[in-house]
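Protein chains in written order, with my numbering: chain U, 1 to 81; chain L, 1 to 376.
Don't read these hints as lab results, they were simulated from the structure.
Quick reminder that beta carbons are idealized off the backbone N, C-alpha and C, glycines included.
Possibly wrong hints are sitting among the right ones.
Straight-line alpha carbon distances no greater than 25 Å define the calculated DMTMM-like cross-link-like pairs of lysine to aspartate or glutamate that follow [said to hold, decoys possible]:
1) L:Lys-74 to L:Asp-133
2) L:Lys-196 to L:Asp-244
3) L:Lys-77 to U:Glu-19
4) U:Lys-8 to U:Asp-70
5) L:Lys-104 to U:Asp-23
6) L:Lys-230 to L:Asp-169
7) L:Lys-104 to U:Asp-38
8) L:Lys-301 to L:Asp-227
9) L:Lys-230 to L:Glu-116
10) L:Lys-104 to L:Glu-116
11) L:Lys-14 to U:Glu-27
12) L:Lys-196 to L:Glu-171
13) L:Lys-230 to L:Glu-282
14) L:Lys-196 to L:Glu-247
15) L:Lys-254 to L:Glu-203
16) U:Lys-48 to U:Asp-69
17) L:Lys-289 to L:Glu-257
18) L:Lys-104 to U:Asp-58
19) L:Lys-174 to L:Glu-116
20) L:Lys-70 to L:Asp-147
21) L:Lys-350 to L:Glu-78
22) L:Lys-104 to U:Glu-27
23) L:Lys-304 to L:Glu-226
24) L:Lys-104 to U:Glu-62
25) L:Lys-77 to U:Glu-27
26) L:Lys-70 to L:Glu-143
27) L:Lys-104 to U:Glu-19
28) U:Lys-8 to L:Glu-78
29) L:Lys-304 to L:Glu-315
30) L:Lys-254 to L:Asp-227
Taking CB as the label site, the calculated pair distances span [stated by the list, open to error]:
31) U:His-71 to L:Thr-140: 40 to 48 Å
32) L:Gly-155 to U:Ala-63: 32 to 40 Å
33) U:Ser-13 to L:Pro-173: 34 to 42 Å
34) U:Pro-7 to L:Pro-305: 38 to 46 Å
35) L:Pro-305 to U:Ser-77: 24 to 32 Å
36) U:Glu-55 to L:Gln-153: 35 to 43 Å
37) U:Gly-80 to L:Gly-281: 39 to 47 Å
38) L:Asn-3 to U:Ser-77: 45 to 53 Å
39) L:Thr-140 to U:Ala-67: 38 to 46 Å
40) L:Asp-133 to U:Glu-55: 58 to 66 Å
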Amino acid sequence: MLRVYVPKTSLRSEATSIESLLDDLEERYPRLRRRIRDETRRVRPFVKVFVNGAEVRDGAREALRLAPDDHVDILHSIQGG
Amino acid sequence: MKNGPVRIWVGTRKGAYRVDGTTARRRWTVNGPFDVGSDVFHVAPDPRHPGVVYSAVNNGWWGPTLRRSKNWGKTWKELPLPGMLPIKQRSPPVEAPSATAPIKNLWHIEPGHPSEPGTVFLGIDPGMLFRSDDGGDSWTGVEGINDHPTREQWGPGAGGLCTHTILIDPETPKRMYVGISAAGSFRSDDGGEHWKPVNRGVETPFQPVKYPELGQCVHKMAFDAEDSSKLFRQDHGGIYVTRDRGESWSRIGKPLEDDFGFVVATSPTLPGDAFFAPLRGESRTTLGKQLQLYRWQGATKTWKPLVRKGTYPGEFGTHREGLAADGLDPAGIYFGTTTGQLFVSPNAGKEWIEVPYQFPGIHSVEVSDGRPVGGS
Numbered sequence: 001m002l003r004v005y006v007p008k009t010s011l012r013s014e015a016t017s018i019e020s021l022l023d024d025l026e027e028r029y030p031r032l033r034r035r036i037r038d039e040t041r042r043v044r045p046f047v048k049v050f051v052n053g054a055e056v057r058d059g060a061r062e063a064l065r066l067a068p069d070d071h072v073d074i075l076h077s078i079q080g081g
Numbered sequence: 001m002k003n004g005p006v007r008i009w010v011g012t013r014k015g016a017y018r019v020d021g022t023t024a025r026r027r028w029t030v031n032g033p034f035d036v037g038s039d040v041f042h043v044a045p046d047p048r049h050p051g052v053v054y055s056a057v058n059n060g061w062w063g064p065t066l067r068r069s070k071n072w073g074k075t076w077k078e079l080p081l082p083g084m085l086p087i088k089q090r091s092p093p094v095e096a097p098s099a100t101a102p103i104k105n106l107w108h109i110e111p112g113h114p115s116e117p118g119t120v121f122l123g124i125d126p127g128m129l130f131r132s133d134d135g136g137d138s139w140t141g142v143e144g145i146n147d148h149p150t151r152e153q154w155g156p157g158a159g160g161l162c163t164h165t166i167l168i169d170p171e172t173p174k175r176m177y178v179g180i181s182a183a184g185s186f187r188s189d190d191g192g193e194h195w196k197p198v199n200r201g202v203e204t205p206f207q208p209v210k211y212p213e214l215g216q217c218v219h220k221m222a223f224d225a226e227d228s229s230k231l232f233r234q235d236h237g238g239i240y241v242t243r244d245r246g247e248s249w250s251r252i253g254k255p256l257e258d259d260f261g262f263v264v265a266t267s268p269t270l271p272g273d274a275f276f277a278p279l280r281g282e283s284r285t286t287l288g289k290q291l292q293l294y295r296w297q298g299a300t301k302t303w304k305p306l307v308r309k310g311t312y313p314g315e316f317g318t319h320r321e322g323l324a325a326d327g328l329d330p331a332g333i334y335f336g337t338t339t340g341q342l343f344v345s346p347n348a349g350k351e352w353i354e355v356p357y358q359f360p361g362i363h364s365v366e367v368s369d370g371r372p373v374g375g376s
């Protein structure tokens, strides 16, 4: 669903944290701002972040350091009706 | 001057619609949905600028989006939200309306006074009011209400801490009112610098103190068509009228079987009168096991049911923006239900027509009645 705002399915970033990765994405694709995170920079409830296939939830994201070859998936989980 | 077409603007659980008709108001064509899949809480045409329409779009996955059309809804542009720079100028950090409370939902858009043609107001959850003086391209907080000293006493209703009613006095542009659930109604006499709670006489049946200064769960307010010191109010605690700019309120809904409800609307062609859709409090559905609206007739201080018995049997609910009236003669009434029916009366409630379209649950109904701007 995020492809509405980003024309690519994958891209590379030098970011070393989830926070800086999201900053990088929003800088490159300004329409993403307030879609992945709200204006207090909190990740929206239905956005899921995975690093190398493992979900990284609220509270664990801040401490996580990204290594150069890490693979990050950001998915919108469209739940409910 | 000739009247233009009549357009009904419908906000629903799954997008917004424009429903077109003529001044006869009997045959309708449905256009849309716009923003399909999103909760559109309010679609507000700007009568000062024919063709300009604002839309308050909320989405549980993507967050809120404010849109503006300048061509009657053919195309829409995303506008910056309060505290948000235009898209091309954004760089982190994004300033938030409140450091701890992000925008939960956009609730109500109110075009400003005709003497301030660029001014638009936006009410949001959490209980805040914003002002734009450039047609929605930038926003500033109305801090007199956003930082009101009573704010810590405010609590959310079932729909959230929502600023859902914004009224600009047509005779005194610096005088305005807001309704916030469940903080109550507030009035400013100086263009929004200072605000005073105006709830005296309005009952709060959901707490031990029955007549507090604030904390009322106001659901909707509307000016009388002729006298702007007079307002009607549908509250959680009944139907009220004030004749002194909110200084005191009198309950007029008592003769009804129940005077709980969410909506009120007035028509410029019917001064003294107001339309309501009272509901059974325990079920939030219309009275009498059928579609039923009532007209308060100010001259005789009496209630008149507007739907002939048995015409539309069943239980109907409504949200607080679900009722509108136009300024044509006879007045048109427009009523949207939570189960997606849109009813129109082209003659102040004598007859009713159901628009032949199953909408998603309806949040809001507004009307552009096609009258020439500045005309009557």
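Verification of the hints:
no. : hint                              : result
1   : L:Lys-74 to L:Asp-133             : holds, 24 Å
2   : L:Lys-196 to L:Asp-244            : holds, 14 Å
3   : L:Lys-77 to U:Glu-19              : violated, 29 Å
4   : U:Lys-8 to U:Asp-70               : holds, 18 Å
5   : L:Lys-104 to U:Asp-23             : holds, 22 Å
6   : L:Lys-230 to L:Asp-169            : holds, 10 Å
7   : L:Lys-104 to U:Asp-38             : holds, 9 Å
8   : L:Lys-301 to L:Asp-227            : holds, 16 Å
9   : L:Lys-230 to L:Glu-116            : holds, 23 Å
10  : L:Lys-104 to L:Glu-116            : violated, 28 Å
11  : L:Lys-14 to U:Glu-27              : violated, 30 Å
12  : L:Lys-196 to L:Glu-171            : holds, 19 Å
13  : L:Lys-230 to L:Glu-282            : violated, 30 Å
14  : L:Lys-196 to L:Glu-247            : holds, 10 Å
15  : L:Lys-254 to L:Glu-203            : holds, 12 Å
16  : U:Lys-48 to U:Asp-69              : holds, 20 Å
17  : L:Lys-289 to L:Glu-257            : holds, 12 Å
18  : L:Lys-104 to U:Asp-58             : holds, 19 Å
19  : L:Lys-174 to L:Glu-116            : holds, 11 Å
20  : L:Lys-70 to L:Asp-147             : violated, 33 Å
21  : L:Lys-350 to L:Glu-78             : violated, 40 Å
22  : L:Lys-104 to U:Glu-27             : holds, 24 Å
23  : L:Lys-304 to L:Glu-226            : holds, 20 Å
24  : L:Lys-104 to U:Glu-62             : holds, 24 Å
25  : L:Lys-77 to U:Glu-27              : holds, 21 Å
26  : L:Lys-70 to L:Glu-143             : violated, 29 Å
27  : L:Lys-104 to U:Glu-19             : holds, 22 Å
28  : U:Lys-8 to L:Glu-78               : holds, 22 Å
29  : L:Lys-304 to L:Glu-315            : holds, 20 Å
30  : L:Lys-254 to L:Asp-227            : holds, 23 Å
31  : U:His-71 to L:Thr-140: 40 to 48 Å : holds, 43 Å
32  : L:Gly-155 to U:Ala-63: 32 to 40 Å : holds, 35 Å
33  : U:Ser-13 to L:Pro-173: 34 to 42 Å : violated, 51 Å
34  : U:Pro-7 to L:Pro-305: 38 to 46 Å  : violated, 57 Å
35  : L:Pro-305 to U:Ser-77: 24 to 32 Å : violated, 47 Å
36  : U:Glu-55 to L:Gln-153: 35 to 43 Å : holds, 40 Å
37  : U:Gly-80 to L:Gly-281: 39 to 47 Å : violated, 28 Å
38  : L:Asn-3 to U:Ser-77: 45 to 53 Å   : holds, 49 Å
39  : L:Thr-140 to U:Ala-67: 38 to 46 Å : holds, 44 Å
40  : L:Asp-133 to U:Glu-55: 58 to 66 Å : violated, 45 Å
Checked against the numbered hints given earlier, this structure breaks hints 3, 10, 11, 13, 20, 21, 26, 33, 34, 35, 37, 40; the rest are met.
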